[in-house]
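As you go down the protein sequences, you meet chains A and B in turn. When we follow our numbering, the leftmost residue of the first sequence carries the number 1, and every step to the right adds one. When we follow our numbering, the leftmost residue of the second sequence carries the number 1, and every step to the right adds one.
It should be emphasised that the hints constitute simulated quantities derived from the structure, not laboratory data. Do not take every clue at face value.
[Claimed, not checked] Here are the computed distance ranges between Cβ atoms for each label pair: (1) B/R231 / A/F486: 53 to 63 angstroms; (2) B/T369 / A/E566: 20 to 30 angstroms; (3) A/N620 / B/I214: 27 to 37 angstroms; (4) A/I558 / B/T369: 45 to 55 angstroms; (5) B/D135 / A/I616: 43 to 53 angstroms.
[Claimed, not checked] Covered by chain A, per the in silico footprint, the following chain B stretches (three or more residues, Cβ under 8 angstroms): (6) 224-230; (7) 318-324; (8) 327-341; (9) 348-354.
[Claimed, not checked] In silico SDA-like links for lysine to any residue, alpha-carbon gap of 25 angstroms or less: (10) B/K339 / A/R148; (11) A/K581 / B/T369; (12) A/K357 / A/R148; (13) A/K604 / B/T201; (14) A/K604 / B/E99; (15) A/K581 / B/L215; (16) B/K15 / B/G291; (17) A/K581 / B/I348.
Idealized CB from N, CA, C, for every residue including glycine.
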Amino acid sequence: MIVHPFILIVTLPVVAGLLGYLIGRLRNEFSFIGAVASFYYALRLFIQSRSPVAQTLEILRVGGVPINFRLDQLSGFILLFISIFALLIVFYSFRYMRGREGGRGYYLYSLLILAFASGVVLSGNIVTLFFFWGGLLLLLYGILLIGRGATHLTARKALFIVGVSDFAMLLGIVLLLVRVYVPGGWIDLAPKVPMPLYDPVMIAGFLLVSAAALAKAGAIPLHSWIPAAAETAPATVMALIPASLDKLLGIYLLVRLSVNMFDISSNMVLRNILMAIGAGTVLFAVMMALVQKRMMKLLAFHAVSQVGYMVLGIGTGIPVGIAGGLFHMLNHAIYKTGLFLSAGSVEHWAKTDELEKLGGVARQMPLTFISFFICAMAIAGVPPLNGFFSKWMVYQGVLEVSREGNRLFLIFLVAAMLGSVLTLASFLKMLHALFFGQRPATLERVREVSLTMWLPPFILALACMVFGVFAYQLPLAGLILPGLGFYEVPLVGVWSPVPTTLLLIAALGLGAILYLLGTVTRPVSGNTFVGGERIADLEESRFPGSAFYSSVKHIPIIGELLVFGERGAFDIYNWLVGIFKVIGAGFRDGIDRVLEALADFIGKLIYYFGLGLSRIHTGNLPLYLSWVFLGAVLFYLLLFLR
Amino acid sequence: MSLTNSSVLTASWFKFAGGRIETLSALVFGVVGLMAILYSIARLRGRAGQLVEFYVFSLVLLLSAIGVVFAHDLLLLFVFWELATVAVWRLIVYFRQGESVNAGTWAFYINFAAATVMLVGLVLLQFETGSWDLDMLSGREITLLPALLILVGILAKSATLPLYIWLPRAYRQAPISVCALLSGVAENLGFILFLKLFVLTVRAGEAFYIISAILAVVSSLIAGGVALNARTIRETLAYSTVSQLGFVLLGFGVAGYYGLIGGLLYITAHAIAKAGLFFATGVVEDVSGTGEFNNLGGFARISPALAAATAVLALSIMGIPPTLGFFAKVGVVIGAVQKNFLLGVGAIVAALFTMLYISRLYARIFLGTGKDETGIEGTSTAAGHSINFGTGLVVVMALLTVVLGLMWFVPVRFLQGDAMIRLLSLSSFLGGM
Chain A
1 MIVHPFILIV TLPVVAGLLG YLIGRLRNEF SFIGAVASFY YALRLFIQSR
51 SPVAQTLEIL RVGGVPINFR LDQLSGFILL FISIFALLIV FYSFRYMRGR
101 EGGRGYYLYS LLILAFASGV VLSGNIVTLF FFWGGLLLLL YGILLIGRGA
151 THLTARKALF IVGVSDFAML LGIVLLLVRV YVPGGWIDLA PKVPMPLYDP
201 VMIAGFLLVS AAALAKAGAI PLHSWIPAAA ETAPATVMAL IPASLDKLLG
251 IYLLVRLSVN MFDISSNMVL RNILMAIGAG TVLFAVMMAL VQKRMMKLLA
301 FHAVSQVGYM VLGIGTGIPV GIAGGLFHML NHAIYKTGLF LSAGSVEHWA
351 KTDELEKLGG VARQMPLTFI SFFICAMAIA GVPPLNGFFS KWMVYQGVLE
401 VSREGNRLFL IFLVAAMLGS VLTLASFLKM LHALFFGQRP ATLERVREVS
451 LTMWLPPFIL ALACMVFGVF AYQLPLAGLI LPGLGFYEVP LVGVWSPVPT
501 TLLLIAALGL GAILYLLGTV TRPVSGNTFV GGERIADLEE SRFPGSAFYS
551 SVKHIPIIGE LLVFGERGAF DIYNWLVGIF KVIGAGFRDG IDRVLEALAD
601 FIGKLIYYFG LGLSRIHTGN LPLYLSWVFL GAVLFYLLLF LR
Chain B
1 MSLTNSSVLT ASWFKFAGGR IETLSALVFG VVGLMAILYS IARLRGRAGQ
51 LVEFYVFSLV LLLSAIGVVF AHDLLLLFVF WELATVAVWR LIVYFRQGES
101 VNAGTWAFYI NFAAATVMLV GLVLLQFETG SWDLDMLSGR EITLLPALLI
151 LVGILAKSAT LPLYIWLPRA YRQAPISVCA LLSGVAENLG FILFLKLFVL
201 TVRAGEAFYI ISAILAVVSS LIAGGVALNA RTIRETLAYS TVSQLGFVLL
251 GFGVAGYYGL IGGLLYITAH AIAKAGLFFA TGVVEDVSGT GEFNNLGGFA
301 RISPALAAAT AVLALSIMGI PPTLGFFAKV GVVIGAVQKN FLLGVGAIVA
351 ALFTMLYISR LYARIFLGTG KDETGIEGTS TAAGHSINFG TGLVVVMALL
401 TVVLGLMWFV PVRFLQGDAM IRLLSLSSFL GGM
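This is chain A alone, in the form it adopts within the complex:
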């Protein structure tokens, strides 16, 4: 029997994960087999998807709603990258997760997440998509329970925030299903012609569903579970979910919504909303990242901040901006996974992720350092790396919007560019804190991690370079533009990465030659001189990077906002849960307790009434007879008086 690859790619990781869970000794092997099988079928499907005709497979049809799979150019390439990231992260985890708590559950959840994420991307209509999308919620809860510290609080936060957005999505889908039903399958994720957005019901549906996409990607204000997860979850979980898969899925859905299902360019208000969310996310999260003192949390805020560029790009509604947003999603997943994994390697030795206690390991961990450095430069948007290229496209999209008479574009552009500068600043802080500076005494015995741990980030760093230098030839022409169905995107700015790179390499080579020739002044090393005393203890004079930019907190207004942000004042979870709890307490005291009291009162009333009546029942026959007599008199009086 030949099983369709659509089915296999969703079921094989589940089977492998369950087997690995049941036979705990072989869990690494089973997980690897599952991830490789997923990669193999993803690659096959990717090659199949290169033809412009989409393939569909209907599983069943219930109540007229088809449950079906569909593969086109967009889902093909996203599917491929999902499986690549999962494979690299599973490979990395073999060593990283060894000896950590919750390993069995970790592999099971990872593979189930891989399967469900593949299901989301392959779904042919929004009802099928919602099934897999909702399934991811429970897997997110499960995998966030793994880690150290108060994991259940983190997991509950994620469950609620993502859950709220999922229920919003359910309402949106139902609204569209009921109100905008068009015979012939409206709920199709990629209808032949996208619908313009002018009908209020349609706009409400669009907003509700895109809330789920934004929450999955991690845009403000639905982001707060990501930094919280960074405090408890292992680095691999952060790399798997907020860094790569969630971005791919969230932005995938947003692109489907605003390009395939609806035509977002038809509504300037919605575009402004999306662009404002994007620009706000960039700026707010990067400010929060600047002042972080723990590396995973710093990276997590960047994982939020970068979403801003994707949303901003898609929100422009201009082809170049949308393509830039989608390209940025891919780039971000590549370098952020690389960053989390290489930071995880440092953490693996240091057993801590506090910047204060880290530093100076560049010489001991050269491969990890190179991977981290390239990924950091890519996220900061240093040319010719990939992050620069996609941000460049997003900026162009924002500029194009101005031609349609949008006056707000300047704000968005400035916010995005400022965000880019601050990103570079915060990665300089991180590079210093992790790899440069003085090595603390606790890290004396650090050496390079094993192959399984340095290779995955290294591959990702290479991809950053390749996707940056050959941006036109490889990702844009091969993946992004066909995926969006755009065949010609006018790029306004002139940026030719290949010659620039050659020039850069030449310049760097020249510098190296000059350095080796020794014409550059040799550094002179000497002892630190402080008031005539020799400082014996290096540990005391160490300058960790954790306090960089703390002075930002002293800027009026912004500084105070940041301090509030640190305490969770902008955390929508605290707000919502607080509101729900207060409303609930109001219901309890105002309605439930009142009803109880009322019932008790009525009960008492009946009791005392009965008590009063029982007083009359004395067992005395003459008394009863007199009651009967009185009653009879009353009866006859009533009868005759009428």
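Use these hints to put chain B onto chain A, whose structure you have.
Using the frame of chain A, we list chain B on its own:
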């Protein structure tokens, strides 16, 4: 015997009939009843309480539930209805202590008083239409007054605002198997009557359905709010039952194709999941000796199997795929939005309350650090036996939930074959899609 055509057994008013809707409901009640009795065999034997009476009256409850489901005459239905009230009363007072007698008395008084009001409604209905036979009543228009009077009885039996107050008291006192029987069987009976009478048989005017749907949403919201602030497991589950039953009434109250199928799936999902959650509560109470959140925590380490199975049941109540509760919730929400967008919003907010209080319940029992590290080893053999058995039952319920969730189209297709639902689907907006 074909299930699509109603099979009729008649002797004047002694008349039973049933299609696929009735079969599914009876099946669910039977399964939950069986599980509750199995649990009680392990848990209640050899301890204080009226065991023989428990067996007799749990069977009487099942009998009357199946009677209510299949009765095709309102008088006959009322007889079973009152029989169920008596059975519930006797089950709640199982322990014969002051508080449990008090709780049972409350349950009996409120149900009995409301049933009396309902009887007046039934009599008025008889005056209006001249019949109690559901076949004769089919398609008739009735006025608002008898419908509202009958609704009072339904609200009391199915523990909906404002007549739910007997329920938290009962759950505080009754043994676990009785709680499972109550939420899995007895409390659904009211809505079964609502479905049979107001959705499938007569039309009571638009206002009546709007009132029911609004009442359902409000009841669900308020009970959800109370559950979020509860201090014990039983209190949370009691108000959770009220809030979940609101969804069932919402599904039936909007009286459409999707709401109907969603409501029936909801009864199925909720009965299984809530009974399972009660068995889990029983195990937790047996091990730790308390049901107060402040003294609980860290159970996932004591019993991982129980934690995993309870998680599945909790997901079903929250309505997260791939459990059956998800599809039920989707059906109800579609039905609600078809009627009015605001009803759908209310249902979603109630679902968010559900999510919060169920995740709170789960976290307080299973996660974090336990205040008291009593293991299963610390308890006596008899208790250990019932704990293992209870855990096994929870696992069975969880498996049932997942299997039904993955095979959700099986009950849906089964229901679509029902003659009455087919009729409804023709008039429905989305039916022909």
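Hinted pair A/K357 and A/R148, Cα distance within 25 angstroms: holds, 18 angstroms
Claimed coverage, the region 224-230 of chain B by chain A - three or more beta carbons nearer than 8 angstroms: holds (count 6)
Is A/K581 within 25 angstroms of B/I348, Cα to Cα? holds, 16 angstroms
Given the hint that A/K581 pairs with B/L215, test it: the Cα-Cα distance must not exceed 25 angstroms. holds, 21 angstroms
Is the hinted pair B/K339 and A/R148 satisfied, with a Cα-Cα distance of at most 25 angstroms? Violated, at about 47 angstroms.
25 angstroms Cα cutoff - pair A/K581, B/T369: Since the Cα atoms of A/K581 and B/T369 sit roughly 23 angstroms apart, the hinted pair holds (cutoff 25 angstroms).
Should the hint that A/I558 and B/T369 are 45 to 55 angstroms apart at their CB atoms be regarded as holding? Hint violated: Cβ distance 39 angstroms, outside 45 to 55 angstroms.
Given the proposed pairing of A/K604 with B/E99, does the C-alpha separation stay at or below 25 angstroms? Measuring from Cα to Cα gives roughly 16 angstroms; hence the hint holds.
Between the alpha carbons of A/K604 and B/T201, is the straight-line distance 25 angstroms or under? Violated. A/K604 to B/T201 sits at ~40 angstroms, over the 25 angstroms cutoff.
Using C-beta distances, would you say chain A covers the region 318-324 of chain B, given that this needs three or more residues below 8 angstroms? holds (count 4)
Okay, A/N620 versus B/I214 on CB: inside 27 to 37 angstroms? violated, 55 angstroms
Are the Cα atoms of B/K15 and B/G291 separated by 25 angstroms or less? violated, 45 angstroms
Comparing the model with each earlier hint shows violations of hints 3, 4, 10, 13, 16; every other hint is respected.
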